[in-house]
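Novice: Read off the chains here:
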Amino acid sequence: MATYDFVFDKLGLKEWCAQNQTETPLSMRELLARSRGDTESSTSIWELPFPSMDALNEACRSFPQSRDLTKGLENGFLSIKDTLSIFLDPLTQPLSWFLDGALHIMQITPWWIMIPLMLVIVLLVTKSWKLVTFVGISIAGLAFIDHYDYAMQTLAIIFVCAFICVLFGVPIGIAMSRSDRMQRYTIPILDMLQTLPPFVYLIPLIFLFSVTESKLYGIAIILYAIVPVIRLTNLGIRLVDKDVIEAADAFGMTKRQKLFRVQIPLALPNIMAGVNQTIMMSLAMVVIASLVSAPGLGVLVLRGIRNLELGVGLVAGLGIVVLAVILDRVTKTSLARINASQKNEAD
Amino acid sequence: MNQEIKISIRNLYKVFGPEPLTAMQAVKEGMTKSELLEKQNHVLGLHDINVDMKAGQITVIMGLSGSGKSTLIRHLNRLIEPTEGSIHVNGDDVLTYDEEALRKLRREEMSMVFQKFALLPHKTVLENTGLALWIKGNEVKQFEEEATKWLARVGLQGHENQYPHQLSGGMQQRVGIARALTSNSPIMLMDEAFSALDPLIRTDMQDLLLDLQRELKKTIVFITHDLDEALKLADHLVILKDGFVVQQGEPQEIVMHPNDPYIIDFISDINRARVLRAYSIMDKTTQAPENSAGQVSSTTNLEEIIAMSHGDTSLVYQVMKDGEQVGTLSMQSLVKALVPTHSATRAVR
Ligand SMILES: Nc1ncnc2c1ncn2[C@@H]1O[C@H](COP(=O)(O)OP(=O)(O)OP(=O)(O)O)[C@@H](O)[C@H]1O
Ligand SMILES: [Mg+2]
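Those protein sequence lines, which keep their order, are chains E and W.
Going by this note's numbering, the final residue of the first sequence carries number 347, and the count climbs one at a time with no gaps.
Going by this note's numbering, the final residue of the second sequence carries number 1349, and the count climbs one at a time with no gaps.
Just chain E, with the same shape it has in the complex:
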């Protein structure tokens, strides 16, 4: 007899329990008890089990076990999955196109066009020859050890994902900055996205989309990396000097004029800091995303782990570090340029 029999006796639920006398699968506790040889539940107060779902199930077979909870969740998800896919599939399809397109372009463009092009872009956004030299040497180094293609694939994915993060993140951040209620509801979601282990959102995504589609990892990366750009856009706009906003109102600016002529320009340093973080987080996620077929340096890291090829894994890891340093330096330097060109009277 189980410990919590009396609960069901008291509640007069005996009959309901008796309806289901078929053996349910054994719970872990029962299994352990049986292997120890004592089939009778002990009466010692020291071994009183917590009235958990499994313990209650022992007393009453009609009571659900905790594995029913996880299973229920799974079944629930599976049952809405098809309808969800009908909506989500076409909505997210462009993401696959972007990713595949970017990967394709990176692949067909010969290195002697791609590398100079990237250096020109770096020069344009940073105006720093030192940085251009650094980037040139780093990429040449990666290419020399035959990691050029992998690095370019990783970069292509990051560019597409970061671009989409900015495309959606900035407007969401602006909306949040304009309504306290929106901020109240959005912040817990952002917190969740940021703290949920990245592997966890891969699981439902795998059910929703096929693993062969690039949008699968695209969505995972975007969900993970969009958070900072939203947060910092919201923060940046909220931090714009109240006096300046008041002046804009006093001189009769419309809401729209205020947003585009005052708030966004003044929040730009913060928004750019958000973009920098978004890029760095995309890079972190792109490695994990190779678990679900994202190409790039992550694949090599994964191979290193799977086949215990130490050298392959380490070199690919270092390649990721090099990319991280490049992306960070370039975005930070262009951020510093924005900061310098609009110093506040406060500093």
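Treat the hints loosely; a few may be bogus.
[To be verified] Calculated pairs, PhoX-like style, for lysine-lysine (alpha carbon to alpha carbon, straight line, at most 25 angstroms): (1) W:K1336 - W:K1284; (2) E:K258 - W:K1217; (3) E:K71 - E:K81; (4) W:K1123 - E:K255; (5) W:K1321 - W:K1217; (6) W:K1217 - W:K1149; (7) W:K1054 - W:K1104; (8) W:K1123 - W:K1241; (9) W:K1136 - W:K1123; (10) W:K1241 - W:K1039; (11) W:K1141 - W:K1104; (12) E:K332 - W:K1123; (13) W:K1104 - E:K258; (14) W:K1054 - W:K1232; (15) E:K242 - W:K1136; (16) W:K1123 - E:K127; (17) E:K130 - E:K332; (18) W:K1039 - W:K1028; (19) E:K127 - E:K332; (20) E:K242 - W:K1321; (21) W:K1217 - W:K1232; (22) W:K1104 - E:K255; (23) E:K242 - E:K258; (24) E:K242 - E:K255; (25) W:K1039 - W:K1054; (26) W:K1054 - W:K1336; (27) E:K242 - W:K1123; (28) W:K1336 - W:K1321; (29) W:K1123 - E:K258; (30) W:K1232 - W:K1321; (31) W:K1141 - E:K258; (32) W:K1232 - W:K1028; (33) W:K1136 - W:K1104; (34) W:K1217 - W:K1241; (35) W:K1336 - W:K1232; (36) E:K255 - W:K1136.
Quick caveat, the hints were computed from the structure, so don't treat them as lab data.
Using the hints, position chain W with the ligands against chain E.
Specialist: Structure of chain W with the ligands alone, referenced to chain E:
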């Protein structure tokens, strides 16, 4: 005086807090500011304000920190909404304005100068100056001439392409004034416009403002917590305390006849000789005195008259206005007028 009334404020109340209307009830039943804060957790910002501001004059609103000056001036262009009362500008009730009409009022009727300058840090001095025209949809080219003109008028020619952070505080506030002038609006609201500046620059700016005012004849609402500044600039002085008007009127009149201990305190350490002018302490008479020591203009301040008399207290001067005598001023009454009111009352006691 017979100038037209430009802005008229009637029975204006402002209560800050979540339920101002309930709190209003309590205020009307005689609850004071501190009681209201304690019992209902509402702040009484303004209490039954009635002020008329005449066209072409500088109306100065003075009071200590927290007396509601900023709150009052922000009601004029409705940056703050009143809890009760009415505000008329050019005879129109601005509280009935919809968003569109309010924007028009802010763009065309009023401009504002701020204590902390509030320039756009990412725009050049020129672009900042043309803000009002830019908001109305003009390009830099279209307002360049106008903005440059006003920048030159406030003494900032050559700084057009600098950014605000490259200028000193005084220069930034000149930009603030030029920005207000470029909007070409008849009313100028100035919230402690000179309080952040050091004393010398402050005097400069006051002179600049008086200079501009002689030429432009705007309706200026000027806020300050500094009595000397108030007396120097004001045509009409309104003294606020804890959200209500303690006394308002001609500044000389207030200095000579303060009606509240708060004001007596306030004026006890001003330089009366520099503030008071002949007309406010003279004996009104058109009869020439027996042995006149000379003629002084009615707006001469007492300091100058003392200098003129070389300290001789037996002299009597004729006070002249527009070439005619309007009164006589004996040095004895002048010396008496130099004694602050509260010392006088204490001596009598
Ligand atoms: N948004 C607000 N919410 C609550 N109370 C407010 C608000 N704005 C102003 N007050 C209160 O109203 C009163 C008047 O404030 P106001 O800013 O008008 O004072 P002030 O005379 O301009 O002072 P200062 O010289 O410091 O600028 C103060 O007691 C202040 O605490
Ligand atoms: Mg103030």
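Novice: Are the hints correct? Go through all of them and say.
Specialist: The hints, checked one at a time:
1. Restraint check: the Cα-Cα separation between W:K1336 and W:K1284 comes to about 17 angstroms, which is no more than 25 angstroms; the hinted pair holds.
2. Annotation: proposed proximity of E:K258 to W:K1217 is violated, straight-line Cα distance about 31 angstroms (limit 25 angstroms).
3. Restraint check: the Cα-Cα separation between E:K71 and E:K81 comes to about 15 angstroms, which is no more than 25 angstroms; the hinted pair holds.
4. Proximity of W:K1123 to E:K255 is assessed by CA-CA distance (about 19 angstroms); at most 25 angstroms being required, the pair is judged to hold.
5. Proposed proximity of W:K1321 and W:K1217 is supported: the alpha carbons are some 22 angstroms apart, at most 25 angstroms.
6. Distance restraint check for W:K1217 and W:K1149: the Cα-Cα separation of roughly 18 angstroms lies within the 25 angstroms cut-off, and the hinted pair is therefore satisfied.
7. Among the hinted pairs, W:K1054 with W:K1104 is consistent with the structure: their alpha-carbon atoms are about 21 angstroms apart, no more than 25 angstroms.
8. In summary, the hint linking W:K1123 to W:K1241 is not supported, as the alpha carbons are separated by about 38 angstroms, beyond the 25 angstroms threshold.
9. Distance check on the hinted pair: W:K1136 and W:K1123 sit about 17 angstroms apart at the alpha-carbon level, within 25 angstroms; holds.
10. The straight-line distance between the Cα atoms of W:K1241 and W:K1039 is roughly 21 angstroms, inside the 25 angstroms bound, and the hint therefore holds.
11. For the proposed pair W:K1141 and W:K1104, the alpha carbon gap of about 23 angstroms is at most 25 angstroms, so the pair holds.
12. In summary, the hint linking E:K332 to W:K1123 is supported, as the alpha carbons are separated by about 23 angstroms, within the 25 angstroms threshold.
13. Between W:K1104 and E:K258, the direct Cα distance comes to roughly 16 angstroms. Compliance with the 25 angstroms bound is thereby established for this hinted pair.
14. Distance hint between W:K1054 and W:K1232 is fulfilled; the C-alpha atoms sit about 18 angstroms from each other, no more than 25 angstroms.
15. As the CA atoms of E:K242 and W:K1136 are separated by approximately 22 angstroms, the hinted pair is consistent with the 25 angstroms bound.
16. Pair hint W:K1123 plus E:K127 holds up; C-alpha atoms about 22 angstroms apart against a cutoff of 25 angstroms.
17. Using a Cα cut-off of 25 angstroms, the hinted pair E:K130 and E:K332 holds, with the two alpha carbons roughly 14 angstroms apart.
18. At most 25 angstroms may separate the alpha-carbon atoms for a hinted pair to count; W:K1039 and W:K1028 meet this at roughly 15 angstroms.
19. Proposed proximity of E:K127 and E:K332 is supported: the alpha carbons are some 12 angstroms apart, at most 25 angstroms.
20. About 49 angstroms separates the Cα atoms of E:K242 and W:K1321, which puts this hinted pair outside 25 angstroms; it is violated.
21. For the proposed pair W:K1217 and W:K1232, the alpha carbon gap of about 16 angstroms is at most 25 angstroms, so the pair holds.
22. Of the supplied pair hints, the one linking W:K1104 and E:K255 holds, its CA atoms being roughly 14 angstroms apart against a limit of 25 angstroms.
23. Restraint check for E:K242 and E:K258: satisfied, since their Cα atoms lie roughly 12 angstroms apart, inside the 25 angstroms limit.
24. Restraint check for E:K242 and E:K255: satisfied, since their Cα atoms lie roughly 15 angstroms apart, inside the 25 angstroms limit.
25. As the CA atoms of W:K1039 and W:K1054 are separated by approximately 39 angstroms, the hinted pair breaks the 25 angstroms bound.
26. Annotation: proposed proximity of W:K1054 to W:K1336 is violated, straight-line Cα distance about 33 angstroms (limit 25 angstroms).
27. Taking the CA atoms of E:K242 and W:K1123, the gap is about 17 angstroms. The hint holds against a cut of 25 angstroms.
28. For a cut-off of 25 angstroms, the pair hint linking W:K1336 to W:K1321 stands: about 23 angstroms separates their Cα positions.
29. For the suggested pair W:K1123 and E:K258, the alpha carbons sit about 14 angstroms apart, so the restraint of at most 25 angstroms is met.
30. The straight-line distance between the Cα atoms of W:K1232 and W:K1321 is roughly 20 angstroms, inside the 25 angstroms bound, and the hint therefore holds.
31. With a C-alpha separation of about 21 angstroms, the suggested pair W:K1141 and E:K258 falls inside the 25 angstroms cut-off, and the hint holds.
32. Restraint check for W:K1232 and W:K1028: not satisfied, since their Cα atoms lie roughly 36 angstroms apart, outside the 25 angstroms limit.
33. With a C-alpha separation of about 10 angstroms, the suggested pair W:K1136 and W:K1104 falls inside the 25 angstroms cut-off, and the hint holds.
34. Between W:K1217 and W:K1241 the alpha-carbon distance is near 29 angstroms, which puts this suggested pair outside the 25 angstroms criterion.
35. About 22 angstroms separates the Cα atoms of W:K1336 and W:K1232, which keeps this hinted pair within 25 angstroms; it holds.
36. Restraint check for E:K255 and W:K1136: satisfied, since their Cα atoms lie roughly 14 angstroms apart, inside the 25 angstroms limit.
Checked against the numbered hints given earlier, the structure breaks hints 2, 8, 20, 25, 26, 32, 34 and satisfies all the rest.
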